[in-house]
Amino acid sequence: MMRRLHAAVIAASLALTQAPAGAALAASGAHSDSPLELTQVISRPKVVDLKISPDGRHFATTAVTDDGKTILHVLDRRTMAVVHSEVYDGPLGVGEFSWHDADHLLITSTWKSELTEGRGSAGIFILDLRSQDIRRVWGGEGSTDYGGFEGGELGARIDDQHYWLTVGPSGSSYSEFPYFYLYKLNVFTGRATRVLKSPSRAASFVFNADNEVTHAVGVLPDDFDSTVVHRRVGGEWVHEGTYRNPQGARIPIRWHKWDPDKILYRDNTDAQTIGYYWVDANTGARELIHREPRVDLDEVVFDDDDRAIAVKHQYDYPTYVPLQPDHPQVVRRQRLVAAFPNQQVSIESSTADGIEHVLRVHSDRDQGQFYLWNEYDGKIRHLLDPRPQLKAADLPQTRAVRFKARDGMELVGYLTVPKHKPAEKLPLIVLPHGGPHGVRDFWGYDMEAAAFANAGYAVLKVNYRGSGGYGKDFHYKWYRHWGLEMQDDLEDGVLWAAGAGIADLSRVCIYGASYGGYAALMGVVKTPDRYKCAIGYVGVYDLNIMHEFGDISRSKAGQKYLDDALGTDPADRAARSSTPHVDRIKAPVFLVHGMQDDRAHYRHYEEMRAALKAQNHRFETLLVPRAGHGARDLASVREVTCRMIDFLDRHIGDREPTDAPDDCQFPGSKKLPYEYFAGAPR
Amino acid sequence: MRALVLALTALVAAVPAGAHALADFVRPDCPGADAPHSAEERCIRDVRKQLQQSNFDALQKTGLMFRYMARPELDQHPEAKAAIEKRTEGSFTVRFDVAPDGTVYNVREVDVTAGIEPLAKMWADTIRQWTFVKTGQAVADVEHRRIYLYPRQDDARRRDSPQAGL
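Line by line, the protein sequences are chains A and B. Numbered per the numbering used here, the first sequence spans residues 1 to 682. Numbered per the numbering used here, the second sequence spans residues 683 to 848.
Bear in mind the hints are in silico, worked out from the structure with no lab data behind them. Idealized CB from N, CA, C, for every residue including glycine. Wrong hints could be hidden among the right ones.
Taking beta-carbon pairs under 8 angstroms as the criterion, some of the chain B residues facing chain A (in silico) [what the hints assert, rightly or not]:
| hint | residue |
| --- | --- |
| 1 | Ser720 |
| 2 | Arg727 |
| 3 | Val729 |
| 4 | Gln732 |
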């Protein structure tokens with residue numbers, strides 16, 4: 001089934017350098033004032049991940065080839081020469097990897113396809129660097145769209161040979177919450193011992209210091225928005241609590257490192273946002289560690305004694321809040337961050353002695369540079385630039401913005417502006433995220449926003465109500481409000497950008513994917529004069545179609561979610577859908593859809609297209625035959641993005657609406673099926 | 683008299699560490715067997731950390747920058763491995779010089795306490811492999827100090843975790 005090729009040649013593309021940090025930063029200082037080629041902006045990083053071995057002798061990296069295959073290289077630290085490569089043929093690719101010890105790497109392989117984006121597990125392998133042998137230690141084959149539960153997921157390490165392995169039964173997928181099985185896996189022999197079955201569906205487990213399972217956290221079979229907690233007492237599961245997430249949940253995370261009576265909980269039952277607590281396992285007494293009033297915490301940072309020393313959140317920008325500003329670990333981190341102004345720094349991997357660390361440094365203009373930090377000599381050196389053809393200084397900047405919605409609610413958004421134009425009276429694209437519930441945008445590099453801004457447009461992303469991260473009510477209260485206040489928030493973002501002098505109110509388009517596609521088309525239905533054009537990508541255009549078709553509708557939990565989020569009244573759902581109201585649309589529309597889409601079912605596209613045609617409306621379509629819920633392969637992404645920019649150029653850019661569309665053909669292009677309907681001008 | 687002192691000093695430096703009378707190890711003042719295990723373990727962790735920080739500070743004062751920092755390979759030092767398995771406690775300092783080309787030379791084991799010599803030798807061998815980025819001038823007497831210390835309570839689980847690293 002699997003064939004391994006040794007491909008040292010491919011490794012030549014890994015331009016690993018050993019220069020001080022300053023050299024790399026200086027190198028990106030030279031930049032041009034003209035836009036970049038589209039192919040440059042959408043190019044993908046050649047290196048995905050970089051991890052140092054526990055003994056500091058090797059680096060392991062995953063790299064992406066031009067045809068999208070993920071391969072793994074192991075490099076000798078001293079010479080930077082590739083000493084081993086893992087390249088799989090056919091649809092297999094390298095997924096995650098981790099160093100087990102100085103001589104062994106654990107590697108998961110995944111099925112790669114345009115539909116699954118490598119999400120299906122194809123087994124867990126161990127690579128012996130000394131013998132160069134690789135062997136499979138867990139089968140777990142399967143593939144599934146949108147991420148399923150097949151295969152096994154390696155959990156915490158138990159000892160020098162064993163890991164916890166959580167396994168979902170074969171055939172389970174998004175549409176079905178299965179019970180999980182917990183195994184103890186010997187990664188040298190492949191022997192797996194089943195330890196227990198989860199007491200609830202899709203459960204994760206909590207272990208104590210003696211590696212005993214103490215808690216399981218799962219969901220109800222018929223409710224996505226639920227949490228079920230069990231405690232293990234005397235070898236039996238005892239139900240601790242079942243929660244509806246809109247009301248909040250108390251979720252055990254882990255045990256205290258030193259105090260055997262304390263367990264860390266995440267809890268939002270008595271507040272809007274998530275707080276972290278130490279809970280006494282005997283008395284149930286709770287001690288609040290920290291809670292931010294307006295945003296959920298990403299993380300509480302603990303020291304070696306398990307004292308909370310800082311918290312991280314992203315109300316707008318990524319924010320680190322020291323709780324103990326003079327703590328040596330806080331001071332150490334602040335010094336590290338100071339070396340990279342206006343960038344985010346994360347430690348990706350460390351040597352076993354904790355002295356050398358691989359850092360990933362990223363920002364709104366850089367997907368991530370890799371650095372090596374040696375705490376012994378105190379120096380940071382640049383290791384690797386995953387996209388050496390692109391300089392951060394040439395890419396557009398993104399800043400967080402806050403504005404008030406019409407009802408006074410404060411909203412957070414992210415505004416990306418062109419590098420080569422002043423940020424005044426720009427044509428604007430509103431780009432609502434998908435989801436919509438529980439999903440949100442963050443500050444950071446976004447390929448789509450960068451591509452549009454590079455083409456001369458301001459891009460505004462809004463964390464409209466219903467988005468995640470800003471508390472229970474912000475997330476759940478707006479179920480059944482699709483097309484209502486959730487839609488108004490986007491328009492209020494447009495008005496804010498125009499009021500701030502950034503956007504030209506007469507040149508605004510709305511574009512989004514999935515729910516974003518819903519919002520785009522609802523935008524031109526609800527406020528037909530606000531937008532000069534709309535682009536729907538793998539969009540939902542009819543809530544009644546969504547209620548009946550697609551993978552979400554095929555499970556009890558999915559049906560409940562659809563009832564909760566969309567409503568149970570077909571007439572009300574129709575009232576908040578765009579397809580039944582195409583007669584209200586004035587702006588030209590561009591529909592892009594994956595023909596295999598099972599999330600926003602292909603039928604959404606077919607019926608919207610038919611309705612637009614029946615109205616003799618001006619519209620364009622582009623289909624991606626082998627795509628599901630969005631194109632994955634670079635050639636399709638390139639053509640889709642080019643077509644969108646071409647469409648925008650003709651409606652809010654420098655060209656005329658009647659200009660002929662561009663070809664958008666590139667070497668190696670797939671020539672996706674494209675249609676243009678001139679219709680009657682409105 | 684001064685010449686004699688210098689000669690004695692030279693003679694001492696030339697004698698292998700094993701030929702000296704070795705100092706007894708003075709155990710840091712950590713809670714003992716009657717204290718909760720975690721207290722002793724955390725104290726030991728802090729002692730090691732302080733020593734590590736002093737190593738960091740010493741090197742950072744020199745301005746040296748690692749080109750490659752080797753770690754001990756226990757399999758190539760069976761006596762050191764045995765000392766770790768026996769949970770031999772002790773401490774030592776490895777002192778070394780760095781040439782302008784970044785190579786390490788004149789590696790000495792000093793203040794080696796009784797029983798810990800194989801570990802001192804292993805670390806000296808390891809530090810000989812360290813390389814630094816070229817410097818303007820040679821750097822002398824860089825110190826790397828180490829301590830091997832174990833919880834006194836009988837804990838088989840932790841006994842299985844030797845201090846192979848730094």
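Hints, one by one, checked against the model:
{"no.": "1", "hint": "Ser720", "result": "4 angstroms, holds"}
{"no.": "2", "hint": "Arg727", "result": "7 angstroms, holds"}
{"no.": "3", "hint": "Val729", "result": "13 angstroms, violated"}
{"no.": "4", "hint": "Gln732", "result": "11 angstroms, violated"}
Consistency note: the structure conflicts with the earlier hints numbered 3 and 4.
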